[in-house]
Amino acid sequence: MGESLLLNLVLWLPLAGALILMSLPRVADQTVRGITTVLLAIQFVPALLLYGAFDATHTGLQFATDVPWIRDWGVAYRIGLDGTNLLLVLLTAFLGPLVVVGAWTAITSQVKLFHVLLLLLQFTMVGALVSQDLFLFYLFWEAMLIPMFLMIGIWGGKRRRYATVKFVLYTAFGSILMLGAILVLVLAQAGQAAGAMSFAFSDLLAVPLPAALQQWLLAAFALSFAIKVPMVPLHTWLPDAHVEAPTPGSVILAGVLLKMGTYGFMKLGFPLFPDAVQTFTPVLMTLAVVSIVWGACLALVQQDIKKIIAYSSISHLGYVMLGLLSNDLAGIQGAVVQMVSHGLVAAGLFLLVGMVYERAHTRELAAYGGLARQMPVYALFFVLFTLASVGLPTTSGFTGEFLVLLGAFTGAWPQHLDGNQLPLVLAVVASTGVVLGALYMLRFALTFLFGPVKAPHDTALTDLSRREQAVLAVLMAAILWLGLFPGEALRKTEGASMAYLQQITTSRVPTDAR
Amino acid sequence: MPGSDALLAMLPEHLLLGGMIIGILCALGTRTRALVLPVSLVVVAASATAAFWLAATGVSAEPFPGQYLLTPDRAAAKGWLLALALPVLLMSRVETDDFQYPLLVVCSLYGLALLPSAQNALVLFLGLELLSIPVYALIVLSFRRPQAAESALKYLIMSGAGSALFLMAMSLLYGATGSMSADAMEQAVASRDPLAQGAVLLAVASLFLKGAVVPFHAWAPDTYEGASIPVTAYLATLSKAAVLVVALRLFHGIVFAGAMADVMAALPLVSIVWGNLAAIRQPSLRRMLAYSSIAHAGYLFYAFLGDPVGREQAVLFYLVVYAASTLLAFAAVPADGDDTRRDQLDSLDGLFRRNPLAAGLLTVAMLSLAGLPPLPGFTAKFVIFKSVVAAGYTPWAVAGLVGSFLGLYFYLRIVMRMFMEPGVATDGSAAPEPAGPGVPLARLAGVLCLAATLGLMVAPGWLLARL
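Protein chains in written order, with my numbering: chain B, 1 to 514; chain F, 1001 to 1467.
Extracted from the complex, chain B is given alone in its bound form (with noise of 0.2 Å):
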């Protein structure tokens, strides 16, 4: 009972945040910041209890939270944690305050506004990920718009507008079939409950559905989905919207708002079109692979520093894919894994990035070179960054390649022996993933931190301050533990995985229709 006060605790937190700091009329920066910090500090402490304190025998919800919210509807206000977003909600909040102290120096006007936008967007993540309620899922997911959509707008780049209005317009477009897929779901669910109308997931989740109409839902809800992760050919906002953003804004971006496509395949997506998944996997695993490859050619190519970082999140997150999709447990821990350890490494990079980017005003690959030389301690990290993004075990990001990589063989063998050659294809495709990863970020790391040294404007660039150094070692610490000791992350999410792979390999079409 206490502890899932707690999980209401991390919830509601930012939002008290965000209206006290609303509230004060006028305040220095530094104390808003200041603020902020704490707020974000005090919620991760509650969420690493609740990690401490998780069951990993218990395959169901825990520290849940039910109370009814729109009576008329079956609408309940409805959180709890599982194995699926037990992670994700502890990256969300290590990350927050990380992000702030980490940009302290990034956002210089309008900060009071920034930090509340901030706030609020914790608000929402983290209520996305806990909503066991699809009415209140859907709030929270779209609601996560509005902060980001003015965050880019207010404090981006030069092409900011039309950054944020592509990526608000994608999002929606998802979203808005998203809804009519909803409507009909639910719809379908009361009409099997004798008019009582229910959005629990746990409710949706039993209803039997006939295979056409779970093509059609499936399409509607990966569409949404596929968009936020996203996948190719649906990324191009992406790359505009990173590029853009700020840089604590890049790095919530790339670090939790990602995940959320992902969380929300395996979380809803799949699990609840089951015979659906079965017949889209050779289409969805084909694009997770080409998200794979594409994403990683295209950041092989680039000229702009935020780029290479965005067509990598593509990469990385096509693995995630993946692993979803691979019908085996290990790919599908791998995908948690991969989640994670994307979110520890791509945050450091933007962080990372945005360092230089506030010292020297570019964005041009071009206009670095030989920063090793100027930046000894930033080019230290820079390296332990890039290795991990590549994948070198003992990082975090091997175990989730790896563990995908595994998975996806093991998947594809049985297959294979049947005489259907595409999932073993596409696992060898997507093991070149790795390869290139490798490529594109030691070519990154060569022309920017070696050779000739270049100033952009020709000033000389101070290395990091502690401030810089505490928050990049913080991460670098997680991404080493998540690296060396995957073990009880992998116990605590194993439940939740074979939940999800029961799921997806058990037909849903009613009995009578099959």
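Please keep in mind that the hints were generated in silico from the structure rather than gathered at the bench. No experiment lies behind these values; they were computed from the predicted model shown. Just so you know, even glycine gets a beta-carbon here, dropped at the ideal spot from N, CA and C. Where hints are given, some of them may not hold.
Here are some chain B residues pointing at chain F (derived, C-beta under 10 Å) [what the hints assert, rightly or not]: (1) M22; (2) V75; (3) E142; (4) R160; (5) V168; (6) L169; (7) A172; (8) S175; (9) L177; (10) V186; (11) A220.
Listing some non-contacts, in silico: residues in chain F with all C-beta distances to chain B over 10 Å [claimed, not checked]: (12) I1024; (13) L1126; (14) G1160; (15) L1202; (16) A1261; (17) W1274; (18) E1312.
Starting from the known structure of chain B, arrange chain F on it as the hints suggest.
Here is chain F on its own, set in the frame of chain B:
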């Protein structure tokens, strides 16, 4: 006893009537004229309270059998509509300090109050005319501006044409069925008789005309543009609500099928799409909100596709949310500069730096109108589309949802103007907010609407259970 029934059941109307008389008496003396607005406010508030009280005590009465029926549901609807008139009255002082405005609004509200209880097409007609006639005068009231006369004339002619269509429909209905009650309409919708079908078609056309649904919408942008802001606010919210209430009464319990269902789906859909697209290009706030209201009329009439059981709830909920958000937008538009300046959308550029409160309120209003969760505009759309899907019109619902997506852009543009444009140079010498007596009142109107909007966001179920 019918006499006491009429006294009790029509209490809200009686209070409004009393208010009108007191208002007219106050308007006679030059010194007492200032009292007209407070009197109107008190009377409207009292009348709304009376309606809520009737709903809460569960009074059901039919003082005029076959003409006027009061049930708790209808009393509640009446109460909400009247309560929405309060911000309309409050925000008027910024534009006009005339005594005519509140007086005419109260007169018009009398017609509005009749509508939810009307059992007969003639009573509906009476209510609609009582509502419209003071509005012609209201538009001309802002005669300082050249467009006002054109605007009033357009509204007069189009509204007159709408009334004529309505009357024609009723005479055909009477000819076909011998009655003008809602039951007669039900018979007419079901029958194959060309006379009866003509009646239905004309009735729908007249409601679409008055509610500004494409292709009968062209009067709305011109009229809204010509009228002053509080009048536009009244036109866009309560006057539109009245048309929908008429539609609810007239088509009470009727399921549209066949060709008629296609008409009831296609025109509102075109309205949604066209309203949302045309709004993008409007440089004027009122024209933009006019197109927005055309789109919203589309959503509202979409609800008539659905199951008649949940229809009233869906439409009334949508009306309350839509009206609260629209009134919030009108109340929050800052009062600096003259009317023409106020109407230009580029005057909103950089508003957040100059006036963060107004920018915040306008943002809430725009996002709610856009239907972006978690604001109540979303819940309202959800109710409507839920009923459409439940009625089996899923492709139409999806088309409507995509149409509503098109509307996102122009609402976001307003938010972008306020937050992301540099705006006029703010070197500290920016024009100080005119400290007229109207500004605090308009602010109060804004706060009321904000409270309603946020309340509906947190507890939509509370209102849904009471409609």
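- Query: Can S175 (chain B) be said to touch chain F, with a Cβ gap under 10 Å?
  - Reply: 9 Å, holds
- Test the statement that W1274 (chain F) is away from the interface with chain B: the closest C-beta pair must be farther apart than 10 Å. 18 Å, holds
- Against chain F, is A172 (chain B) within 10 Å by beta-carbon distance? 6 Å, holds
- Query: Does V168 (chain B) pass the interface hint, meaning its C-beta sits closer than 10 Å to a C-beta of chain F?
  - Reply: 6 Å, holds
- Query: Holds or violated: is there a CB of chain F closer than 10 Å to the CB of L169 (chain B)?
  - Reply: With Cβ-Cβ at 7 Å, under 10 Å, it holds.
- Does M22 (chain B) pass the interface check with chain F, least Cβ-Cβ distance below 10 Å? Given a least distance of 9 Å, the restraint on M22 (chain B) holds.
- Query: Holds or violated: is the Cβ of L1126 (chain F) farther than 10 Å from all Cβ atoms of chain B?
  - Reply: Non-interface label on L1126 (chain F) holds, nearest chain B Cβ at 34 Å vs cutoff 10 Å.
- Query: Would you say L1202 (chain F) is clear of chain B, with no C-beta pair closer than or equal to 10 Å?
  - Reply: Non-interface label on L1202 (chain F) holds, nearest chain B Cβ at 33 Å vs cutoff 10 Å.
- Hint check: is the beta carbon of R160 (chain B) less than 10 Å from a beta carbon of chain F? 7 Å, holds
- Message: Please verify that the nearest CB of chain B lies beyond 10 Å from E1312 (chain F)'s CB.
- Response: Given a closest Cβ separation of 14 Å, the condition holds.
- Query: A1261 (chain F): least C-beta distance to chain B exceeds 10 Å?
  - Reply: 19 Å, holds
- Beyond 10 Å from chain B, beta-carbon-wise, is I1024 (chain F)? 44 Å, holds
When the structure is compared with the earlier hints, no violation turns up for any of them.
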